[in-house]
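Asker: Protein chains in written order, with the working numbering: chain A, 87 to 351; chain B, 428 to 730.
By construction, these hints were calculated from the structure, which means they are not laboratory data.
Mixed in with the good hints there might be a few duds.
Claimed, not checked - Sample of chain B residues with no beta-carbon within 10 Å of chain A, all distances over it, derived:
| # | residue |
| --- | --- |
| 1 | 518 |
| 2 | 528 |
| 3 | 535 |
| 4 | 538 |
| 5 | 555 |
| 6 | 562 |
| 7 | 564 |
| 8 | 595 |
| 9 | 657 |
| 10 | 679 |
| 11 | 689 |
Stated by the list, open to error - Covered stretches of chain B (chain A as the covering partner; in silico rule of three or more C-beta atoms under 8 Å from a C-beta of chain A):
| # | segment |
| --- | --- |
| 12 | 472-484 |
| 13 | 510-517 |
To be verified - Covered by chain B, per the in silico footprint, the following chain A stretches (three or more residues, Cβ under 8 Å):
| # | segment |
| --- | --- |
| 14 | 121-128 |
| 15 | 185-199 |
For glycine and all other residues, C-beta sits at the position ideal for the given N, C-alpha and C.
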Amino acid sequence: MNSVSLPAARAASHSNAMSTSRLIGVYLAEARSECIRYMRAPAFMVPIMLLPTMFYLLFGVVMAKSEGADAARYLLVSYGVFGVMSPGLFGFGVSLALERDGGLLTYKRALPMPPGAYLLGKMLMAMAAAAVVIVLLLIMGLALGHLALSVQQMGLLLLTGTLGVLPFCALGMLVGTLIKGQGAPGMLNLIYLPMSFLSGLWVPITMLPKVLQQFAPIWPSYHLHQIGLVAVGLQHGGVLEHVAVLLGFAAAFFIAAVRRLRRYG
Amino acid sequence: MHTQSDVVARLCGVVKRYGSLTALDGVDLVLQRGELLAVLGPNGAGKSTSISLLLGLIQPDQGRAELFGMDPVQIDARRRIGVMLQSAMLPLTLRVGELLRLVSSYYPDPRPLEESAALAGVSDLLKRPYGKLSGGQQRRVQFALALCGRPELLFLDEPTVGMDIDARRKLWAAMRALVAEGCSIVLTTHYLEEAEALAQRVVVMAKGRVLSDGSVDALRAQVPLTQIRCVTDMDAGVISNWPHVAGAERDGSRIRISTSAAENVLRRLLDADASLSELEVQRASLADAFTALTDETIEQEAA
Chain A
87 MNSVSLPAAR AASHSNAMST SRLIGVYLAE ARSECIRYMR APAFMVPIML LPTMFYLLFG
147 VVMAKSEGAD AARYLLVSYG VFGVMSPGLF GFGVSLALER DGGLLTYKRA LPMPPGAYLL
207 GKMLMAMAAA AVVIVLLLIM GLALGHLALS VQQMGLLLLT GTLGVLPFCA LGMLVGTLIK
267 GQGAPGMLNL IYLPMSFLSG LWVPITMLPK VLQQFAPIWP SYHLHQIGLV AVGLQHGGVL
327 EHVAVLLGFA AAFFIAAVRR LRRYG
Chain B
428 MHTQSDVVAR LCGVVKRYGS LTALDGVDLV LQRGELLAVL GPNGAGKSTS ISLLLGLIQP
488 DQGRAELFGM DPVQIDARRR IGVMLQSAML PLTLRVGELL RLVSSYYPDP RPLEESAALA
548 GVSDLLKRPY GKLSGGQQRR VQFALALCGR PELLFLDEPT VGMDIDARRK LWAAMRALVA
608 EGCSIVLTTH YLEEAEALAQ RVVVMAKGRV LSDGSVDALR AQVPLTQIRC VTDMDAGVIS
668 NWPHVAGAER DGSRIRISTS AAENVLRRLL DADASLSELE VQRASLADAF TALTDETIEQ
728 EAA
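When you get a sec, could you build the whole thing from the sequences and use the hints?
Answerer: Printed below as a string of structure tokens:
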């Protein structure tokens with residue numbers, strides 16, 4: 087079999103470049119599919135929506151009636167952060183783990199899909215789910231908890247939640263590249279639940295033992311919680327430091343995950 | 428008119444190892460434009476590894492894989508191919524039309540959605556969620572996704588598994604139509620009759636090597652035996668001692684004779700038994716050739 091025809095073969099390969107508008111179309115189509123696909127999957131959406139809303143209803147509305155407006159606001163932020171973490175960790179992490187296992191990722195890598203479109207699609211899906219969680223909690227708080235928040239504060243909290251999901255997307259992505267298939271949800275719960283507790287999302291951080299309080303800043307959820315508290319006006323001072331920490335977490339997880347994906351698919 | 432520039436895909440002296448296992452051991456393969464190539468081989472022969480290399484999913488340890496003269500990792504090379512993999516769990520909640528629109532968006536100049544659907548015979552399924560389809564319908568949808576980008580080269584890995592005969596024949600017809608358009612196809616299959624019905628060229632692989640590469644007839648000719656079957660009272664042991672007879676055995680009232688010179692044996696057979704009936708003469712099938720070829724290698728390996 088002769089194999090000396092490289093230059094000729096190259097000459098024949100005509101340009102197959104994508105126009106910019108078609109390339110943008112790929113990103114849009116991928117994001118759209120990813121959103122539709124999960125919004126239609128109750129097994130995915132129901133736990134993400136139900137867990138934080140049930141917690142908030144129980145601890146933030148029913149049991150906190152006597153505690154005053156500040157407690158209700160504080161708990162709104164806590165359960166908001168708790169609710170925002172799960173679309174990131176599970177939406178990104180579990181779906182990646184399952185798609186690596188089921189062959190969808192291999193299929194998409196064989197297709198001419200820009201890898202960025204795949205990741206961006208999942209990211210936007212997680213951001214949309216996070217926004218829905220925050221909006222649900224706000225509606226509950228306003229309707230049942232007699233929450234006093236300005237429109238600006240609500241907007242800031244929504245923004246915090248929607249962008250705050252990103253470091254958890256990166257963490258979920260990293261776990262999704264480390265664990266294949268059905269093992270991922272268990273592993274992610276082992277991260278999700280202790281991290282929520284240790285960063286003061288279930289019980290206020292001041293009620294945790296001293297040692298745990300000191301270690302709280304190592305968790306990304308702690309920093310998101312702090313930003314959320316500033317957003318609703320319960321805390322004053324700079325958020326830049328927390329934003330920088332979260333960006334650092336996101337970048338570190340993302341880079342580690344991309345490396346693993348490159349090497350192992 | 429196969430000039431050198433008509434090469435669409437190529438493996439050059441490719442070696443691929445997984446730990447101590449050598450999946451491909453120096454494989455050369457060239458695919459010309461408009462050619463339908465069937466890759467056959469037992470499990471573990473290296474078919475999937477070869478395809479994965481050409482799709483840029485894995486890298487060769489030695490040698491080179493090329494699509495249109497480019498590294499398959501380059502997205503520009505892959506914009507000219509369509510793919511149907513053996514096991515790909517597509518999103519179950521997306522409708523067929525949504526899947527088609529999504530995959531079409533990856534390509535610079537895709538077919539109109541209706542055309543892709545019609546070619547693959549899924550026009551009536553466009554509104555159905557993928558997860559609600561039968562296995563055969565899902566395969567047809569995957570085929571539609573493979574051809575929607577107007578590819579110049581199509582990789583089909585076991586495309587007709589789980590399809591009934593009718594669906595399989597429709598898919599064969601669609602594949603022939605694509606080849607007529609100038610599309611090249613690489614087909615791996617377990618169904619030898621599929622290769623026989625479609626392929627201009629057949630590559631047989633085993634143990635990570637290419638055992639044979641040529642037309643269906645050339646492959647068949649590697650086993651020069653013809654089967655003769657008939658109802659007769661004659662003794663199989665006697666016939667097996669005749670010249671040109673490779674073997675003869677009795678199967679109920681019938682005798683089955685393998686021979687390399689069917690005409691001579693037939694003449695003698697008809698002379699010897701005037702009451703002979705239900706005569707059948709059959710050339711070696713592709714399956715016989717395939718079995719003979721792969722058995723031989725496996726025996727050599729064992730020795």
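Asker: Does each hint hold? Answer for all of them.
Answerer: Status of the hints after comparison with the structure:
1. 518: Violated: least Cβ distance 5 Å, not greater than 10 Å.
2. 528: Not fine: 7 Å to the nearest Cβ puts residue 528 of chain B too close to chain A.
3. 535: violated (5 Å)
4. 538: holds (14 Å)
5. 555: holds (13 Å)
6. 562: holds (15 Å)
7. 564: The claim stands: residue 564 of chain B keeps its Cβ more than 10 Å from every Cβ of chain A (closest is about 18 Å).
8. 595: holds (22 Å)
9. 657: For residue 657 of chain B, whose nearest Cβ neighbour in chain A is about 43 Å away, the distance exceeds 10 Å, so it holds.
10. 679: It holds; residue 679 of chain B is separated from chain A by about 47 Å at its closest Cβ, greater than 10 Å.
11. 689: holds (34 Å)
12. 472-484: holds (count 3)
13. 510-517: holds (count 6)
14. 121-128: That given contact holds, which follows from 5 residues of the segment 121-128 of chain A lying within Cβ reach (below 8 Å) of chain B.
15. 185-199: Answer holds; 11 residues pass the 8 Å Cβ test.
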